[in-house]
Amino acid sequence: MATRRLTRKEQIQQTILYPVDWIEERSGLVGGIKYFLFRKVPGDTNWFQTLGSATLTAFIVQALTGVILAMYYKPDPTIDPRTKLPVAYESMQHITNDLWAGWLVRGMHRWGASVFIILMFMHMGRVFLFGAYKYPRELNWIIGVLLLAMGLGEGFTGYLLPWDQTSYWATVVGVNLNGTAPFLGPFLAQFLNGGTYINSDTLSRFYAIHMLMIPGAIAALIGLHLYLVIRLGVTSPPWSKEAAGTGPLDGHTPNGAVGRSGLSRFRRGK
Amino acid sequence: MATDRITERRRVFKQYKEDVESRGKPFYPFAMFHDTVMSLVVVCVIVGLAIVWKYSTPGDHIGTDPGWLGKLYDAPADPGTFSFVPRPDWYFYFLFYLLRIFKWPDTVVIGTVGLPTVLLVILIAVPFVDVRPERRLLRRPVAIVASILVVVSMGVLTYKGATAKESLGTELVAKVPSWAKTQGFSNNQQALAGAKTFAVSGCLNCHTYLGVGGGFAGAPNLSAEGAKNKGIDFQIRHLKNPASVNPGSPMPSFAGLGETRLKELATFLEASKGGK
Chain A
1 MATRRLTRKE QIQQTILYPV DWIEERSGLV GGIKYFLFRK VPGDTNWFQT
51 LGSATLTAFI VQALTGVILA MYYKPDPTID PRTKLPVAYE SMQHITNDLW
101 AGWLVRGMHR WGASVFIILM FMHMGRVFLF GAYKYPRELN WIIGVLLLAM
151 GLGEGFTGYL LPWDQTSYWA TVVGVNLNGT APFLGPFLAQ FLNGGTYINS
201 DTLSRFYAIH MLMIPGAIAA LIGLHLYLVI RLGVTSPPWS KEAAGTGPLD
251 GHTPNGAVGR SGLSRFRRGK
Chain B
271 MATDRITERR RVFKQYKEDV ESRGKPFYPF AMFHDTVMSL VVVCVIVGLA
321 IVWKYSTPGD HIGTDPGWLG KLYDAPADPG TFSFVPRPDW YFYFLFYLLR
371 IFKWPDTVVI GTVGLPTVLL VILIAVPFVD VRPERRLLRR PVAIVASILV
421 VVSMGVLTYK GATAKESLGT ELVAKVPSWA KTQGFSNNQQ ALAGAKTFAV
471 SGCLNCHTYL GVGGGFAGAP NLSAEGAKNK GIDFQIRHLK NPASVNPGSP
521 MPSFAGLGET RLKELATFLE ASKGGK
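The listed protein sequences derive, respectively, from chains A and B. By the working numbering, the letter at position 247 of the first sequence is numbered 247, and the numbering carries on one by one without gaps. So the mapping is simple: the working numbering equals the position in the second sequence, first residue as 1, plus 270.
Keep in mind the hints are simulated off the structure, nothing from the lab. Don't take every hint at face value.
[To be verified] Using 20 Å as the maximum straight-line C-alpha spacing, the simulated EDC-like pairs for lysine to aspartate or glutamate come out as follows:
1) B:Lys-287 <-> A:Glu-138
2) A:Lys-241 <-> B:Glu-288
3) B:Lys-284 <-> A:Asp-76
4) B:Lys-466 <-> B:Glu-404
5) A:Lys-84 <-> B:Asp-344
6) A:Lys-241 <-> B:Glu-404
7) A:Lys-84 <-> B:Glu-288
8) B:Lys-500 <-> B:Glu-529
9) B:Lys-284 <-> A:Asp-44
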């Protein structure tokens with residue numbers, strides 16, 4: 001038995017910490033999050049190095065708005081006998097014109113796609129100019145290239161879904177262009193169309209690829225991408241006088257004067 | 271040599287880890303602050319684009335009139351119409367425009383699939399080709415030149431693709447008499463009717479004819495199609511199913527035009543010998 005009664009403050013602390021400790025004991029997740037948050041990054045990282053997390057943010061926007069759109073969108077090209085419009089087109093119009101803030105969600109998804117792709121290119125440009133793809137980060141560069149290709153695949157498959165003239169004919173020609181590839185081309189075109197030509201199954205096939213297949217792969221690869229970033233660390237800008245990897249600098253104690261004072265300054269709230 | 275390089279880069283990475291540990295700063299709150307600000311900017315830009323898209327649409331902000339950022343949506347997909355413009359989203363313009371440079375049919379494969387595949391392979395190969403540890407830009411002249419070339423060429427191709435003109439069928443029909451004069455088929459009623467079908471069926475959104483038309487998807491110039499003397503039957507078969515006579519053709523089928531109009535169109539194409 002306890003030799004003294006716990007103070008009120010200690011009781012509250014214990015109550016709050018109990019579930020955290022419970023999870024930590026069984027998963028080690030709390031330690032993982034702590035490691036993620038308080039891991040050291042080079043002191044000279046700059047704004048250019050926020051492009052990766054900005055790309056992640058754009059992907060999260062796409063995922064969230066995409067889920068909302070999926071609640072109302074119907075990937076069905078058959079003609080509704082009442083309105084004489086394709087059901088898919090009708091549901092897209094309904095989202096845009098009738099639903100509360102539907103235009104905003106669809107607009108964010110439509111323009112978020114462009115922002116996502118621009119940010120992927122900018123992030124890739126930054127990594128290239130910083131030489132950050134070099135040893136030991138080659139694998140992460142390759143994962144990034146695959147993510148870029150998949151992002152473009154999302155753009156291609158998502159473009160068909162509104163089922164209007166622009167999207168339909170751009171996709172007809174786009175799939176035919178894929179079909180011109182040597183060896184795999186005809187199979188790729190056949191797979192995308194769900195047949196020799198674009199047909200009533202094509203739309204639901206594009207929808208499944210667009211919202212299940214590629215996003216699943218992208219999410220998994222982003223996880224791997226981030227794991228490697230955390231494992232290998234972030235590079236210093238190549239022009240930096242105090243770039244990590246050049247050894248101890250004058251005026252710094254070997255064991256972390258900058259890092260510790262930085263952290264304690266934050267803790268004191270300055 | 272190679273082992274020296276491997277030992278050296280392992281040493282540098284070990285040094286990097288030690289340096290980060292001794293004089294780095296914790297991710298939270300320093301780097302995370304920057305990341306959070308940037309992420310908020312991204313979300314605001316996306317929301318802003320959505321708002322401009324909606325509220326720059328003329329009238330009561332619904333319908334198919336284009337605003338500053340284009341249409342909210344187009345007319346419903348109709349496989350039976352032919353006056354379409356096969357225009358992809360803007361980030362594929364550079365690929366689409368490449369097709370104009372590579373002429374159908376001999377080299378178009380390079381433009382459509384070859385080049386993107388090659389680009390992808392080059393990108394994946396970058397860290398294996400450039401194995402020097404040097405990261406300072408001024409000492410990487412090849413990297414500088416390559417990145418400038420890539421940015422400029424993608425920018426120019428995207429701009430060209432964005433400004434590629436679409437022609438309206440009604441404007442093109444007005445050109446039929448001058449086509450007939452240049453090509454010398456003014457007395458051929460079948461060819462004249464075919465020329466009108468040609469003008470309104472969206473052919474010129476991909477093909478070029480006597481200096482007009484988009485040529486956007488790299489389709490061949492048809493001004494002198496008749497000079498190849500392929501015959502009316504071939505033209506009809508090609509229009510019905512382009513890939514059957516021209517393997518790998520990305521052109522969609524125009525079988526929906528019906529036998530009469532296909533015959534007229536084929537006559538028109540055969541009568542197009544390139545003019546004077």
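Output the indices of the hints that this structure fails to meet, ascending. Structure breaks hints 3, 4 and 7.
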